[in-house]
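Student: Kindly produce the complete structure, drawing on both the sequences and the hints.
Protein chains in written order, with our numbering: chain A, 5 to 222; chain B, 62 to 208; chain C, 199 to 399; chain D, 70 to 147; chain E, 39 to 318.
Treat the hints as calculated values from the structure; they're not laboratory data.
Be aware that one or more of the hints could be misleading.
[Unchecked claim] Here are some chain B residues the structure puts well away from chain C; computed CB gaps all over 10 Å:
#1 I63
#2 I64
#3 I67
#4 R69
#5 I70
#6 S99
#7 E137
#8 Y155
#9 S158
#10 S191
#11 V196
#12 S202
[As the list claims (entries may be wrong)] In silico DSSO-like cross-links for lysine-lysine, where the CA-CA straight-line distance does not exceed 30 Å:
#13 A:K170 to E:K85
#14 D:K143 to A:K116
#15 A:K116 to E:K212
Backbone N, C-alpha and C define an ideal beta-carbon position, used for all residues, glycine too.
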Amino acid sequence: MIELEGAPLFTLEFGDILVYFTPYTASLFLLALLFTAIVVLSRPERQVEILFGTDACYAKDTSIEELRFRRFMSIACGLATMGAMVSGDVFDYTLFTALVGVTNVGIVAAVKSRHVQNAAFQYGIVALAGTLPLFGGAAIVVASTGTLSILRLAGGTAPGAPLLAKALLTLGVMGEGMAPFYAAKAEMFRAPGAPYVIMCSLSSLLIFLRVIEVVLVI
Amino acid sequence: MIISRISRIISNYGNLMPLFAFACAVLCLLGILMLPVSYHEDQLYRKTQNPDSPLDPYERGGRPLERANITLQYPENSPYAGYVTAYLTPLSLYLASSTLYLGTTIVAHPGGILDEILYNTRGLDTVVESSILFVAFAIGSFIFRRR
Amino acid sequence: MVSEYALGLGIALLCAVLVFAALSREWDDLHRLLLVDLVEIPSLAIVALVGTDLAEALILPGLVVGIAEMLALSQIYLLKEGLQERPEGRLRIEVIEKADAPVILSLVLVCYGIVLSGFTGGGIAALGMIFLFMAKGAREPHELLETAAGISWAVWIGAFFVFMFAPQYWLLAVLAAGFGILIKVMVKLSLVGGMWGKPHD
Amino acid sequence: MNAEFLLGLVILTMGTIAAAYPRPKTYLNRLINIEIPGWGLLLVMLSYNEALALLTFGGVTALTTYILVRVLEKRGGA
Amino acid sequence: MLAELLLAVVYGLLLLGIHRKVIARIQKRPGPPIWQEVLHILKFSFKTTWVPATASGVLFVGVVIIAIAIWTAALLVVIAGGSLMILFGIYMLHKIVEHGFGLSSGSPYGKFGGVRSVISAASEIPLFVSVSVIALFTGTLMIDEIVAFEGANGPLLLLAPPAAIAMYLVILSKMPFGPFSIVESKELVSGYKTEHFGIWRAGLEVCNGLKTFVLLNAFVLVFIGALPLWLLLLLMLAILVSLSFVCALTPMLSPFDSVTVQMIITGLMLVYAIVVWVMI
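Tutor: What follows is the structure, encoded as structure tokens:
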């Protein structure tokens, strides 16, 4: 089933873990890279709030300390997303996904708004509970096929992964912010600091796109 | 209408965790029904036991920088992958020769038991893992310190 | 006859179902946090059932993710509930404050941790330091410790690349990685100890 | 299938029930009950001779408990 | 390549104009001329352009470029017969673009548009079920191989009608004035587009034209097969008119209702996918 996405263009070895680029993962990788670059380069916007019932409006400013921290988290999130895009190993992929979850919490946790913090907490709890389906899925893959390599599983040299493992992996990634488990995420986006908040959205979409590919090929 | 009732539930993020937990519970239940999942016998890094060795239960033999006969995902990429006990530092070697219980006590010694997997074959995992720790503690201490 | 793996997996999944069922009817945020901590256990059990050296190498990251997220989330919980400012009691036992025992005990734990090294060693050494902070109320310099943690993290990444690209220097790499992780984990975890007591800047 | 493995599974199940549905349902009660399935998991790890994982799990559990106790302590009362 | 790009943009914009016209006629209004969208682009191209003082500059400009770039890439994929996965990845990433448009300016209207675009993230999920059904039937996701499969076995529209319906709904949810277009509803002024004007808006409209063309083209290619160019364009027009009828006759759903409807559709599709998987 490897022809779903084209043959790998380029592989990079880290011992028993491969990093590989197919046309599909490479384009996702480039997009993550592009948005990380935007995060590095751009300053946050100043959100304009309207005071209802009056003509007054004011722009919120983000403090330098908060800005630095959130930018750091967004860059970490971008790197984690890039890693998840190109990782050729199921367990490594789930670890990158967990890292994406933590950094997403970090991006919004620093915002001084009770509403946003609450949403971040709920999201964080779901992300942490999502580690069971993620790691469980990866463990079932290795137990039932004897390998974690996506390329091996896709190449047909190993027996196919059981449906249970695939379903667990997908559910775990969906917990990181896909429909219908994204209500908290939508609220997190009300936080100021567009370039950073966008990384939350981008990362969860990208890891979802990747898990679909993984589940289809293994 | 049923649709607006469902949408009211999913729009409240307080319901997020119950929703996800319910989905997980259903999936795990289905998983139990899907059993048995067969266990693949030809696993990566199988365990072997050698009760006489001071490194038990981690005695796997082997020498550094020598390819050993173990199952790997990409044998061609790991010309040096040895047994897991391949990397013993002088201190560990000394301890192993003087006591019988190195394996059960000094399990994570540098150059100790699992380092072959943790640092070499699956090193990228450990990089990501320590990054997770780093990031989460950064969040914790940032929130803690900010007044 | 059911195979050992299938039996274990079935039980672990059953536990997961139980926990998730409890979680889906839980409305208190702190109870949710506790239950999520409980979720970790069946997930580690599923990994442990693989039963190879690899399984062990996979359990360690799982544990790390669990404790790291738990720390961040508990801090966010305190923040969102507005409990940040509230001081908590210290371990005020007269004997402990005066005696040398906690110092000695901490020293023993730290030394043992250094001998173990690696992640486990870091955890044990950190326990020793936390105990010391709790008992003595010592204030460690946060910035300095965090710098040390950052440097040791970089050392470990460097060691990883030595393993990948210059394997003949494995002894150096193994030592650097082992101690890098030791110091990093110890410092990070003892920050937890520093958080006990009144916040300061 | 050895004795430790089976005993571990039994304790894991019982402990999970105890921690998931504690009586009475207080934070402290639940926190303490979480240690029980932890023991079950330790036995399972022991039956596979996973000493490193076992030791680390012990250390990390202690730290997690510490973190949670701190939250309880700040919250004041169980 | 440039010729195809130009054709795609102009034809896509024309389709959007026809869309507005048909809706207007159904609702007994005269409606704008069908080349209105093309005129819009010309108009916006010559208007004053600047970046709002509160905006996050790099992001504000960057998303426009990214929007055009990803849909140009999508057109390339369709023409070259590349992977359907890449195409649908791009489709999902359009969400990020809307989000970036909305949040980068700091305007509250834009922000609500952006937040709603996140809420409507459910619209993409039916797509993947549809993609996996296609993969089950044809064993491949490369568009040229799917077209070859259809040459041998007849159009997928007849083999897997539910998959076609799901993709039809996905396209519907990206059409303006439809039941699912909550990101552009009128109480938000222009939703995520509110603060982008001048040349930025022109770029956005170009991207919209491209998007419409690519999606309709992909639908025809995947579910009906390879056709001569005139027939392809005609079929795209026919599908668009049917979409306009749906848009004209249905009210806009509230944000979370639209999500629920899409989730229900996904559930049904999932059941269908499982049935197909069991049968094959």
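Student: A separate judgement is required for each hint: does it hold in the structure or not?
Tutor: The hints, checked one at a time:
| no. | hint | verdict |
| --- | --- | --- |
| 1 | I63 | holds, 20 Å |
| 2 | I64 | holds, 22 Å |
| 3 | I67 | holds, 16 Å |
| 4 | R69 | holds, 16 Å |
| 5 | I70 | holds, 12 Å |
| 6 | S99 | violated, 8 Å |
| 7 | E137 | holds, 15 Å |
| 8 | Y155 | holds, 12 Å |
| 9 | S158 | holds, 16 Å |
| 10 | S191 | violated, 6 Å |
| 11 | V196 | violated, 8 Å |
| 12 | S202 | violated, 6 Å |
| 13 | A:K170 to E:K85 | violated, 52 Å |
| 14 | D:K143 to A:K116 | holds, 20 Å |
| 15 | A:K116 to E:K212 | violated, 35 Å |
Hint violations for this structure: numbers 6, 10, 11, 12, 13, 15, all remaining hints satisfied.
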